[in-house]
Amino acid sequence: MTEQLTLAKAIGRALGDALAADDRVVLMGEDIGRLGGVFRVTDGLQERFGTARVIDSPLAESAIVGTAVGMAYRGYRPVVEIQFDGFVYPAFDQIVAQVARLHYRTRGVVRMPLTIRIPYGGRIGSVEHHAESPESYFAHTPGLRVVTASTPQEAYSTMRAAVTSDDPVVFFEPKARYWDKGDVDTGRIAGLDDAAVLARGRDVTVACYGPAVRTVLDAALAAADEGIEIEVIDLRSISPLDIDAVVESVSRTGRLVVVHEAPAEASVASELIASVVERAFDALRAAPERVTAYDTPYPPSALEADYLPSLDRVLDAVDRSLGRWSSRTGLAIAGGAR
Amino acid sequence: MTEQLTLAKAIGRALGDALAADDRVVLMGEDIGRLGGVFRVTDGLQERFGTARVIDSPLAESAIVGTAVGMAYRGYRPVVEIQFDGFVYPAFDQIVAQVARLHYRTRGVVRMPLTIRIPYGGRIGSVEHHAESPESYFAHTPGLRVVTASTPQEAYSTMRAAVTSDDPVVFFEPKARYWDKGDVDTGRIAGLDDAAVLARGRDVTVACYGPAVRTVLDAALAAADEGIEIEVIDLRSISPLDIDAVVESVSRTGRLVVVHEAPAEASVASELIASVVERAFDALRAAPERVTAYDTPYPPSALEADYLPSLDRVLDAVDRSLGRWSSRTGLAIAGGAR
Amino acid sequence: MSTAVSARAAEHSAGLDDPLVALDDSGTRCPSAVLDGHLADVDETMLTDLYVDMAIARRVDEEAFALTRQGELVLWPPSLGQEAAQVGSARALRGTDFVFSSYREHGVALMRGVGLDELLAVWRGTTQSGWDPYERGMATPQIIIGAQTLHAAGYAMGIRMDGGDDAAIAYFGDGATSEGDANEAMVFASAFRAPVVLFCQNNQYAISEPVSVQSRSPLAARAIGFGIPALRVDGNDVLAVLAATRIALQRARRGGGPTFVEAVTYRVGPHTTTDDPTRYRDDEEVAAWRGKDPLDRLLRHLGGAGAREDRVREEAQVRCDQVARELRTAVTAIPVPATDAMFDHVFTGPTRRLERQRAEHRAFSASIEGDR
Amino acid sequence: MSTAVSARAAEHSAGLDDPLVALDDSGTRCPSAVLDGHLADVDETMLTDLYVDMAIARRVDEEAFALTRQGELVLWPPSLGQEAAQVGSARALRGTDFVFSSYREHGVALMRGVGLDELLAVWRGTTQSGWDPYERGMATPQIIIGAQTLHAAGYAMGIRMDGGDDAAIAYFGDGATSEGDANEAMVFASAFRAPVVLFCQNNQYAISEPVSVQSRSPLAARAIGFGIPALRVDGNDVLAVLAATRIALQRARRGGGPTFVEAVTYRVGPHTTTDDPTRYRDDEEVAAWRGKDPLDRLLRHLGGAGAREDRVREEAQVRCDQVARELRTAVTAIPVPATDAMFDHVFTGPTRRLERQRAEHRAFSASIEGDR
Ligand SMILES: Cc1ncc(C[n+]2csc(CCOP(=O)(O)OP(=O)(O)O)c2C)c(N)n1
Ligand SMILES: Cc1ncc(C[n+]2csc(CCOP(=O)(O)OP(=O)(O)O)c2C)c(N)n1
Ligand SMILES: [Mg+2]
Ligand SMILES: [Mg+2]
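Residue numbers (the numbering used here), protein chains in the order written: chain A, 1 to 338; chain B, 1001 to 1338; chain C, 2001 to 2372; chain D, 3001 to 3372.
A couple of the hints might just be wrong.
To be clear about the criterion: a stretch of chain D counts as covered by chain A if any three or more of its residues have a C-beta under 8 Å from a C-beta of chain A, and this derived list gives those stretches [stated by the list, open to error]:
hint, segment
1, 3036–3043
2, 3171–3185
Partial list, computed: chain B residues near chain D (C-beta under 7 Å) [claimed, not checked]:
hint, residue
3, Leu1035
4, Pro1058
5, Ala1060
6, Gly1125
7, Glu1128
8, His1129
9, Gly1201
10, Asp1203
11, Tyr1294
12, Thr1296
13, Pro1299
14, Pro1300
15, Asp1306
16, Tyr1307
17, Arg1328
The set of hints was computed from the structure by calculation and includes no laboratory data.
Positions of the beta carbon are idealized from the N, C-alpha and C atoms, including for glycine.
If we strip away everything but chain A, and leave its shape as in the complex, we get (with noise of 0.2 Å):
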């Protein structure tokens, strides 16, 4: 069945469809109830599945996260929400230190098929903490799966994956991307490894994810009308990584550009290109590049279309990759050394 949703509604029918196919999933967290959460998500969840499946808990993340372990040790399957990016903090010691670990320590005899759900990014013009990208914190955790999704159809896909896995996956929703509208067959459930090429083009190679992506597709566009052709890749799980689909890519390209609203310094970009480097140092022609936030906190949202990176950020990273005229280098080699 097909049906246009947004990528918020698509999350919804997701968690719907997971609630019933299967009995052991229960949705947790704060206003996910009787609101349906500040962003609706679960809107109509808990009218339907009741209040035992669908549960408004107390304000405490580290608690949402901690029973939510229990649950899985009694065999439930738990989604839970964190109502926002910046307030996963509070959780980080059950998540990095249980749910990531427990099947590791208990060499496979206990599983955490939790998913937690966080709605992140920026660019939705609020106040501090409502705009972060932590993914790299995840992403270095041994143990958790780490996801997004770009596209409604993306959305529900990988949401079902998530739940369904026996490991603990960290889902990032990209909140500025809820709104946006595409088709969605119910039908289809992702994998959660592998990235997905976008866009096919030959002289660049541009890795992203999550609210990056619409950045980057028209970005690859714009460099169309210049006569360049950026091979975009939505790398869709950041941990692990699919560093074979970029590494076929680049081995063609020769170019690498990694794109994503998080902090550059020991990022999922960094790793991206460490590893990128390692596997296919000889076939890079140039550099690669990270387009990412700044290494500083998120700024006041007044200056987060600064902060975060653009087209135009993107295009610019492009030019110096293909050593054309970039503000960075300085260069004015038209055609750069393709």
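Fit chains B, C and D with the ligands to the known structure of chain A by using the hints.
Positioned in the frame of chain A, the structure of chains B, C and D with the ligands alone reads:
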């Protein structure tokens, strides 16, 4: 005054000197007073400075850091201890959302001259959560200085600098090196910015820090026997990294190996490689290499020797970087592509 | 560890069954053994001042709400209905005390002398701190629920270290009591006998969740188990709040350690300007609480006490209109920071990494200005 | 939110002033209105069994301590002195209940049928989990202080969801009560009326810190403020512990929600084998507590009750010697995992990244075996 001290005692000396030098310095943590800390680093300080300045706190890491924030507001310079690396996560929110950001949040009005001491790293044959290297989480966090030390002198000088700094500093104390002895000149106070070149060499740059430094120095000696010159850089500051120093070195050697005990994914090593590739792409003659822990949770101590970077793994990476025989590449070009 | 401490905490507690009141719903002054000793100085001038303060707080809130609807602010968490809790408690403080609040304490901020531009700046999205905390004796808004309770406890530990008789006060909501931090703050405050007032505005909701989701027993009762005396007061009664906070502060200044004050009140408005409370609560409930309005109650009391109700109301009206005008000027005068400012104050001094990023950003900005 | 809930919690609480006892120091059975109804089935056989269980727990602890000194284990947190608290509570459980403990509950683990090799494996540094949690109805040791209290609360929430009448029990120390997690566990357990027993062994110390550092009031009193009934018992009195845990479990099974049990006991040994308690406490204090030894007390009671003390002691001795022999065989038989095992079970299936690292590690290991 120069004196032979263990690294642990050098830190204790630095803390004592800091307490003596400035009334606003206070120490707080679990078991740091009466007991002198589980590693005896703060031994004797409560007797000397009283229970009001060397405080045994209740068992709650978020509160240890959170109340220290309040003390800093009141004009104090708290030095708090997290008893082991693996116990810092309950304090994660206070560290990343408060300590790291208050100066930025208040546009420079509020200062957070906190020092967060964390004995860290493996190879002490202990149980889970006692052997971790969580520095990458903090390196990814804008607004924190993250430092470590590899010798008693460095530990003394850097701790004095950390306590004196008006920036918040996360000080990772290499616990496996606590009993290393060395001369300490208590007149020397370090900066917090610069890496140090510990050994000059023409062939490969090996960058490392903390507990890995000794491993790398040993590897450099072993390599010298085979006629390979390793340039050893002790990064000292984990964040911000002294990229200039590494780029300068790589511009001479053309080769880079990064060594640390933390897992590889989205780590400090990833960052260093991404940064160096960005700035010294043309100087690189081989793919930079990482020698780190594997991307698994810390294993039982029976396996830690294999999990952590070892002299042999460093040499293997050096060989690989030189295009000599290596287990991974399977290359057997003795002398390599130098 | 001694039962004596909890016994003492219980003994110094009051209002757990029925919140303490000084003014009942009709504005009648009710005698209170606990509170009256701390209200001896209350005269008509003070009552009028309290009324005007509350009226201004309400007006500022209304104006800011309207400005948000007009797109002048990015968000606003209204304090409507909580004026007595905020003004009453803040009026008990002195200048050298220090306040750690959440995001909803506009009334408190105004009492601390925070300027209108300073108050609105955060909500205009141009800064994360509207004022200088040291100048106002008040930290800027804390959004992470519960985090500030630890800051207040630590600040108070600092006061004890330097032997002052100032106090710290933490403002937090009913929802915040569930967070680990708020409970750890009680552990530390109690263990170190910190001169801190833990001031909980129980406004019945944490966004959509009624307080029954957080706790099946009164929030104030929680404190006693930590060895902290608790006062539970009618939070819409400005005199009760004033007195209870004074009691707590007096205990703090005299070395008696922390006190938990629960002000039972109601969030009449939505959680923030993006919230739709009709999804989770009835009009009747809201109407019932409107009947307990803190301003009306004080006005009735003033009337009953012989003051000219209409004179007070008029005086308040004049002041409020004045404030409203100032506010509308203030909001548009809030400076928009230069983009480059986003690189400032990450550390106390420059770092090579950030200066590099700043330079790159400048070059990039310059390039697109000329270029595209 | 109602005061009724805390009133109910307070009403169902007991022992806050003086811990409940069934056996006094001399082993005399004291009547207890609270406990006696839950000790009706206690006969000589049961008392003997309890004694033997405690004796075995003590012997295992002693042997493991010695093995650590001999380098056979990397670390050991002794349970010496806490046998009554552990055996008494664990004996109240049934097989389908589920235990979440910290690292010191060796006595509990033995009662759950955990094998000696399974018990020691973690402390030999060869694994992070010695047994299958589902097989034993007990999670493997939790080292992060307080974390397991949330797991127990969540497990109990799960029990409620599927309508079972099992219960979960969380074991934690006095120090743990300061952690946010332990307090949030009370919030959730209370809010969801979870069938969980929050079992605090107050052994007077968190490493070097006496419990007075954590709290100035009794730990059990804390629970009441969360709406959770509290029972405070003499933790060296195995019957009192047994009865209190039974009361708590009965409440849980009947839908009455959580109960907090504080067993007041003493950590006679060091915190772990690397600790030196002489740095922070007096011999006299230790000696005084040794006088309250749980095994001696039960033995005296058995004697007083007419059982042949020496027969019981002998029976225990025989069993303990047997266990000690088994233990020494068991410890050396604990398998050392292959290095390659460090790559297993990070996820439920292989990932390309980890298989790559595994392959690299294999090639590297092979190379240095042949090479250097
Ligand atoms: C740690 C954290 N979790 C979640 C949120 C999202 N959030 C903002 S306000 C709020 C409700 C707070 O309720 P309460 O403490 O009663 O304060 P009130 O808003 O009623 O003043 C929530 C859940 C947050 N800001 N911080
Ligand atoms: C989160 C965390 N912080 C610190 C530690 C270090 N630590 C291990 S045991 C301990 C004391 C625990 O005391 P208590 O809860 O009373 O339990 P007991 O050891 O007495 O059984 C501490 C501080 C830890 N394991 N976890
Ligand atoms: Mg509220
Ligand atoms: Mg203890």
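Minimum Cβ distance from B/Asp1203 to chain D below 7 Å? This interface hint is violated because 19 Å lies over the 7 Å limit.
Taking the least C-beta to C-beta distance, is B/His1129 closer than 7 Å to chain D? At 5 Å from the nearest chain D Cβ, B/His1129 passes the 7 Å test, so the hint holds.
Using 7 Å as the Cβ threshold, decide whether B/Pro1300 counts as touching chain D. 5 Å, holds
Could you check if B/Glu1128 really has its C-beta closer than 7 Å to a C-beta on chain D? 5 Å, holds
B/Ala1060 as chain D interface residue, shortest Cβ-Cβ below 7 Å: Holds, because the Cβ-Cβ distance from B/Ala1060 to chain D comes to roughly 4 Å (cut-off 7 Å).
Let's test the interface hint: is any C-beta of chain D closer than 7 Å to that of B/Leu1035? 4 Å, holds
Quick check on the hint: B/Thr1296 CB to chain D CB, less than 7 Å? At about 5 Å, which falls below the 7 Å cut-off, the nearest Cβ of chain D leaves the hint on B/Thr1296 intact, so it holds.
Evaluation of the interface hint that places B/Asp1306 against chain D, nearest CB under 7 Å: Hint holds; B/Asp1306 Cβ to chain D Cβ min 5 Å, cut 7 Å.
When the least beta-carbon distance from B/Tyr1294 to chain D is tested against 7 Å, hint result: 5 Å, holds
Are at least 3 residues of the segment 3171–3185 of chain D within less than 8 Å of chain A when you compare beta carbons? holds (count 4)
Are at least 3 residues of the segment 3036–3043 of chain D within less than 8 Å of chain A when you compare beta carbons? violated (count 0)
Checking hints one by one. Is B/Arg1328 an interface residue toward chain D, by the C-beta closer than 7 Å rule? Interface hint status for B/Arg1328: holds (5 Å vs cutoff 7 Å).
Hint compliance for this structure: hints 1, 9, 10 are broken, all remaining hints hold.
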